[in-house]
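Each chain is listed here by its residues.
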Amino acid sequence: MAIYRLDRFFKDKELSGTMVFSILFSAFVFLFLAALIFFLFIEGFPALKREGLQFFTEANWFFRISEYKAASMIYGTFMVSLIAIFIAAPIGFGASVFISEYLSGSPRFFAKSIIELLAGIPSVVYGLLGILFLQPFLYKNFDLNSGDTLLTAGVLLSIMILPTIITLSDDAFRSVSSEERETSLSLGLTKEETFFSTVFPKALPGFIVAILLATGRALGETIAVFLVVGRADNRLPNSLFDLDPVFKAGQTLTSKLGGSEIFIAYGNPEHWSSIVALGLFLFVFVMGCVLIGDLILIYRDKSRI
Amino acid sequence: MELKVKNLSVLSGKEQIVKNISFSLNENEIVALVGPSGAGKSTILRSLNRLADKESGLKVEGEVLYDGKNIFTSYSLNELRRKIGLVFQKPCVFPGSIYKNVLFGIRHHKSLKKSEADDLVESMLKKSHLWREVKDRIYKSANILSLGQKQRLAFARTLATDPDILLLDEPTSSLDPYSTHEIEQVLLELKQNKSILLVTHLLQQGKRISDRVLFISSSNGPGEIVEEGTVSEIFDNPKNNETKIYFQNS
Amino acid sequence: MRYYFRISKDICFKSFSLISALLTFGILALGLWLIVLKGFSAVSFDFISSSMSQGGLSGGILYQIIGTFILIFTVLLIVSPLSVGIALLRSFYLKNDKSRKIFTTFLYVINGIPSIIFGIFGFFLFVKFFGWGKSWLTGGILLSMMILPTVSLSLSEGISRIPKDYIESAKSLGLSSSAVIFSVVLPQSFSSFISGLLLGLARAAGETAPLLFTATIFSGADIPGGIKESPILSLPYHIFTLAQESYQPQALENAWGSVFVLILIVVFFSALALPFRLKSHEEANV
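Taken in sequence, the protein lines are chains A, B and C. 50 is the number that our numbering gives to position 50 of the first sequence; each next residue is one higher, with no gaps. 83 is the number that our numbering gives to position 83 of the second sequence; each next residue is one higher, with no gaps. 168 is the number that our numbering gives to position 168 of the third sequence; each next residue is one higher, with no gaps.
Source of the hints: derived by calculation from the structure; they are not laboratory data. Predicted model only: the values in this text are computed from it and were never measured. It is possible that some hints are incorrect.
Claimed, not checked - Listed below are the simulated DSS-like cross-link pairs for lysine-lysine, each with C-alpha atoms no more than 25 Å apart in a straight line:
no.	chain 1	residue 1	chain 2	residue 2
1	C	38	A	140
2	C	14	B	59
3	B	90	B	127
4	A	112	C	14
5	B	100	A	202
6	A	202	B	90
7	B	110	C	9
8	C	95	A	302
9	A	302	B	90
10	A	112	C	279
11	C	101	A	202
12	A	302	B	140
13	A	112	B	54
14	C	14	B	110
15	B	100	C	9
16	C	9	B	113
17	B	54	A	202
18	A	302	C	164
19	A	302	B	100
20	B	83	C	9
21	A	202	C	14
22	A	302	C	98
23	A	202	C	9
Unchecked claim - From the structure, some residues in chain A lie toward chain C, with a derived Cβ separation under 10 Å:
no.	residue
24	109
25	217
26	266
27	282
Just so you know, even glycine gets a beta-carbon here, dropped at the ideal spot from N, CA and C.
All chains, please: the whole structure from these sequences, using the hints.
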């Protein structure tokens, strides 16, 4: 009976040993993921229930007096990612256009390999470079009280997500066939007109997905942000257009989670739950980016017959 | 307008693809470029539209005169490509409506009022014998057209930029006999005010519509023109041995 | 007039993309140059062959290197069988597009989980719930889960690229589907597997966040003897700690040295992957 029903999903009629292993291993990984998500919800939920909406709207996190309101970390995470995308999206767009439209053959392969190599540089290395070069640079040039600010973290992140944006958007641009480019060029359109009238409209979903995945990466990046963000809790802007906190030390969800507060929190259910709730938030934001990106790709492939 | 090709050679790195190609294309004339595949016929067309040197990174040597001026030095790229149009073997249709596809090139070259654009689309689709079939759905996606219709749309799109010279790269090779016939009719009508260079491996097609034939062969290395003449000369009485074999066996 | 407008737009576009590319490569080249410049002078044979002393202010990074390799090796052992199983399920066993798409989304989800979340989950499950304390094995498991999608998807793409004829002709000879897998599918996609694996290992070697609470400590560990309470040292964590003390010149010097060695390891794995990637591209174009 069970085998009969499996038959609807699998090509092979009989269950071979290899297939059993394949299914078991996948099930194991699936179980791991399910346990992780289950953990985030079960352990994080009590804090949300206890703190209610104020968890997101108030910046008041003092674990010694049992105050757990996380607005400043959520604000920090958003600002840092926003700055990163704001800088990296146009530069990444330009650079990937250059690689996909103006380079060909081995220079193109070389450029792509370099970019992919740079995507592999560990974030702790970016963090160290940030501490030593970016932080003093911004401190001097922006007249800041300290070099450890949300701005510093945002700028550092923008450099870190550049390879992601470039690689993915180059793939998107390249997926448009060279026949289409040549047809357009043969009609006398310039490269720029060709790009915006043939390549870009077709590659737009892929480009948006590149930005989304880069955003996901920026939201979740921990170590480099931890090292340059200043890790000061409880700062929020006074109004929507008040950018002052951006130029001061701040805290993000990840830098909070990366600190040693975890060890203190574990013994205290309230505190622990609040910490896990931060993780839950981060997870939801990042998964939002990933899943929307995935949906865009699925929809694109469906509508392109 | 006249096109004169003098000693055209195309190189990929150090390897010659075609060498010493010389011929002329007169006004109101259809010239067929015939020869086995791999002889470099498409490369010749692509160098006349300057795709070869600008996009494929090939090296093009020699001189091509259009209206008496060298196309490699005396024309701006976009203006040249507009005047020397190229239609590819596989029709490439852009996402969007039929209407948009026809205007795809020309709307970058000049601004059109809505009424001008409408008129242009209609006349171009008529010229390419597509109007009758699509007049009720020109605002619908061009992607649902049949292959033959797509190729005629590609003609309409190229004609809309008002070229003097048309380069056609086996435009009917992937089409059914009906569409082929339609396109041949289009070509004969276009001949009234344009010059056409047609790459084809269909000898019958060359016979049916061309005025002159160039036979190109690459049996001695890079592609060269080995015989040239009017249709009757070359089909009924080929001088070159290779031409003979090629014609007898196809 | 219109012509000049079009041409200048074209030139602007080209300049913009050129400047962006130069900026990108400039920043990244500058970073690499700094690492080589500062790191090379900090590295010596003593530095990589002796253990740390004075809280990282002097001595070397022998056990950090060993710890990093212990992690890489653990990940290799865990990830290889799992990724083969997953890739086979995705590209070979699953019947229709829809179930394949759902399965792919599942891999994307794992791939997207921020590393720090693996960290707190690992802390909860292994360190506390299983009572392992800090352990190298927890680190290995968490890193394996993180890179699993990379390796599985790379292998799976390789399997999908195998021409249908190969598999069908093997089947027509009467091979069982397990035999088809071991004689055709896996050998034909081997380069995709290795290139994905090496890129994944390069990433695992540089991770810090999932190990913070689960596997690594800064000093006082050497080669682990068991599983429970067996933390290790690692290069990324070493750099992370020294970076926070970078106001001390000696700490900074040692941080640069560690960065240099870590980058060498990462670049080594990525470079090793390159010929396999080229090969899998060739296989794709058969």
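Now for the hints, and whether the structure bears them out:
1. C:38 with A:140: holds (23 Å)
2. C:14 with B:59: holds (22 Å)
3. B:90 with B:127: Since the Cα atoms of residue 90 of chain B and residue 127 of chain B sit roughly 20 Å apart, the hinted pair holds (cutoff 25 Å).
4. A:112 with C:14: Given pair residue 112 of chain A, residue 14 of chain C holds - Cα atoms ~19 Å apart, limit 25 Å.
5. B:100 with A:202: holds (15 Å)
6. A:202 with B:90: holds (19 Å)
7. B:110 with C:9: Roughly 15 Å separates the two Cα atoms, so the pair holds.
8. C:95 with A:302: Holds, at about 18 Å.
9. A:302 with B:90: holds (24 Å)
10. A:112 with C:279: Answer holds: residue 112 of chain A to residue 279 of chain C is near 16 Å, not above 25 Å.
11. C:101 with A:202: holds (22 Å)
12. A:302 with B:140: holds (19 Å)
13. A:112 with B:54: holds (22 Å)
14. C:14 with B:110: holds (22 Å)
15. B:100 with C:9: holds (22 Å)
16. C:9 with B:113: With Cα atoms ~22 Å apart, residue 9 of chain C and residue 113 of chain B stay inside 25 Å; holds.
17. B:54 with A:202: Satisfied, since the Cα-Cα distance of roughly 23 Å is no more than 25 Å.
18. A:302 with C:164: Measuring from Cα to Cα gives roughly 23 Å; hence the hint holds.
19. A:302 with B:100: Holds, at roughly 23 Å.
20. B:83 with C:9: holds (21 Å)
21. A:202 with C:14: holds (20 Å)
22. A:302 with C:98: The given pair, whose Cα atoms are some 11 Å apart, holds under the 25 Å limit.
23. A:202 with C:9: Holds, at about 21 Å.
24. 109: holds (9 Å)
25. 217: Hint on residue 217 of chain A: holds, closest Cβ of chain C at ~9 Å, below 10 Å.
26. 266: holds (7 Å)
27. 282: holds (6 Å)
Checked against the numbered hints given earlier, the structure satisfies every one of them.
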